[in-house]
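Participant: Which chain is which? The protein sequence lines are A and B, in order.
Under the working numbering, the first residue of the first sequence is numbered 18, with each subsequent residue one higher.
Under the working numbering, the first residue of the second sequence is numbered 3, with each subsequent residue one higher.
Everything labelled a hint here was simulated from the structure, so no lab data went into it.
If you want the ones that stay clear, here's a sample from chain A, every Cβ over 12 angstroms from chain B, calculated:
| id | residue |
| --- | --- |
| 1 | Tyr25 |
| 2 | Ser184 |
| 3 | Arg199 |
| 4 | Gly339 |
Quick list of the computed label-pair ranges, beta carbon to beta carbon:
| id | chain 1 | residue 1 | chain 2 | residue 2 | range |
| --- | --- | --- | --- | --- | --- |
| 5 | A | Thr193 | B | Leu566 | 36 to 46 angstroms |
| 6 | A | Gly339 | B | Leu401 | 55 to 65 angstroms |
| 7 | B | Thr45 | A | Arg189 | 55 to 65 angstroms |
All C-beta atoms, glycine included, are put in the ideal place defined by N, C-alpha and C.
Spelled out from the first residue to the last, the chains are:
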Amino acid sequence: MPESKQNYLRIENLTKHFGDFVAVQELSLEIHDGEFICFLGPSGCGKTTLLRAIAGLDPQSSGRITQAEKDISNLPPSQRDFGIVFQSYALFPNLTVFQNVAYGLENMKIPKPAIQKQVNDLLDLVGMPEQTDKYPAQLSGGQQQRVALARALATSPGLLLLDEPLSALDARVRATLRHEIRLLHERLGVTTILVTHDQEEALSMADRIVVMNEGRIEQVGTPEEIYSTPASPFVADFIGVMNFMQGEVSTSGKVLVGEKTLVCETGEIPHASKVRLTVRPEDIVCSAKAKDIINSFAVKVESLEFLGSFCRLILKGPEGFGELMTDLSTQQVHELNVSPGTALTAVFPARNLRVFQESS
Amino acid sequence: MNTTVSIPASTVPNNRVSSIKIKLSRDDYTLRIGLVLLIGLLTVFVVFPLYSLLSKSMEDMDGNFVGLQNFHEYFQTPALLISVGNSLSVAFFTAMIVLVLAFIYAYALTRTQMPFRLFFRGVALIPILAPSLLAAISLIYWFGTQGVIKSWLFGSSIYGPIGVVMASCFWVFPHALMILITALSTADARLYEAAEALRTPKWRIFWTVTLPGAKYGILSTGFIVFTLVITDFGVPKVIGGNFNVLATDVYKQVVGQQNFEMGAVVSLVLLLPAVIAFIADRWVQRKQVALLSARAVPFQPKPEPLRDWLLFGFCSFIAFIFLAMLAMAAYASFVTFWPYNLSLTLNNYDFDLMDGGGWEAYYNSIQMAIYCAIFGTGLIFIGSYLVEKARGVTWMRTLLHLIAMLPLAIPGLVLGIAYIFFFNHPDNPLGFLYGTMAILVISTIIHFYTVSHLTGLTALKQLDPEFETVSLSLKTPVWRTFGKVTLPVCLPALLDVASYLFLNAMTTVSVVVFLYSPETMLASIAVLNMDDAGDIAPAAAMALMIVYTSATFRILHALFSNYLKRRTQVWRNR
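Working from the sequences, and respecting the hints, build out all of it.
Facilitator: Below, the structure is given as structure tokens:
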């Protein structure tokens, strides 16, 4: 059963305000044992505040945090069980790689040879076996972050907190480390929380993503769920690229956009409600000939942008559709002989259209 | 809402108001106890003495409260009021002269390709190694009654405002220069490139880019020089003659006439310009920050022969005067009997044969300077660590910081007299400190506390604030991270503080002049007393002993810093 997973960390009604500013509002969340969770959101959404509350660094204004069945809401950081990695690495500059990783172990009254072995094992684990005597300043950013990771894991914490750990690295190193952190997590199974504003990072690494906005949770779900069934226009817009159209529910299962009717799932939304209709660029199907199926409309290519493996087309749809983006492979572009001004038929598959009621 | 039903308070979750109380860890207790101790210590040694001073100024000779009567009396005494005018005008003229000279000098050092810049910089810092008295003594040999080039003054006497201004210019010059160098070396090259691209003439670039950029540095220098001069006691004492200033008035009231109440009044008057300058300077400093952006490109001066050689001439002139001042004092200290017997002798260094404490005073000074360097650096760095790194308790950290800033606004003479009133009071349990080496060390540390505190803060701010967080997550006690990381990384700054305290302890006169006892006579005081007794040559000799010691210490400090830099450059270079 999927529900057999143990809850490891439970956050209940957590609120944090700085003066009059509410950074996190009445937030509740459960994190399973061994899970890789991402807090994702724009800057100022409260994700780092939430992380620091979990660590006890900036205690919450109210609310409860339970870790491994133990209420830790009132505990100082030194009595909580976590390891932490920062964007700035925060490696001690005057200590070698070895001394940095051994730093936490030396407090645990472990015999020297055991520390030696454990540090070497950890450095092996993060792929840095050869560099034990170097100082942080002699390492690249990616290497420093690996050492920081080894240092955080050294004391075998029950919870690993990663505060934008990859944001200071260049794109290539970031992609490699992303993959390696994920592998490391699969190997060690330590419950991990990653804070990031980079959706690609979240989508590729997390078991579940917590999308946050203005101190609240917008949606919690697997990367797949977040991407294909966003729970709000905010999530739809924040994750990936999205086309938005304004419309009105005419009857159940039908939405009127301009003078055209689109068939789609409208759920509980009452008739005559103003709605926003979303569709991903890659879900719009383009062809040269007119098709006699539902949700197919004549469109005109306004412009196209070459983006390497694919082309992004800006389409002018029927009245009320506005400008729509769609992605075609370079091969398709050749087959359809697309250039600005080309007339095409675009199909909007009903299962890929999502409807959000406008809050009035 | 049904207001008649009362719900037990405990069942109502009041999320808005209540704040989670985090239990304190052992580290939190350690840091908080440290904060309380340090605040207590500084309160006893800064705030209480000031309070004693204030209450003394409102008492009569028998200790009865008389309100503002002493102040009334003070402003009815024309002789004392003249001093206010004298002090203000001397400080004002010195500030103006030093500002212009030091600005040109600093400009030459930072914005040109003038040759021998390092040499000029070194020469200009010489006065820091000497007590302010040295300049006055040297001037007496140059321009005094028996002076070598007395005629150059066209009959005016060096004993008076001329001498005070000249000597003051000498000893405050390095202080002004250092601030101006800092202000001028933070130029953004992009502004100059933009101005040149717009074909702006050189003089206009100077008026529209260079000067505005250094504006706050110039203001700050003005305030600091003004305060240094108005609160200095050594120079007017030695060369002022009958020209009375506030600082000498305090001394005369307390030491000469034993009129402590009036001494307290005059010190409060003296405190006023110092406090105003302090507040103005703080305001200026705050403005300065916004001027520097992280993206600024450092300015690289290009050679420009005419300008560079003109400035070379100017700097050579200033440097020559500085060396001449030092050389004359050095020469005179070896002369048998000025100006009648110019044969060289070491007799003037036979301090044990003169009044003024003998060699004992010199050894006392070194002892005191070492104590100040060791205990002062330790105490002050722990203080700045607590201000910067203690978690929570913002109000305590702010309070400690505020008290730490106070000493900068208190002239040494005022602090010294406040210490007499506080520690010499019969009811004070700390009275046993009076007349000991300990009180000299404490007063000196307190007097130079603020600058050292700010140096410590600057060094600590450069550390990643997450070091402490990481240590917490690794369950490392705070003292271990302090010892293994914070201290080693901040060591260069600590050495700077130690050196600053050592040099100032060697040269200071004003703080300790009321507090020494026959057993704890100091070298700088000996200079003053020997000069007072007419033994000018031995006074010069003792002043030079201070210079030699300070210079030796500076060199040792530089060597050790260099060694440290080389040893740690592996991890320091980024």
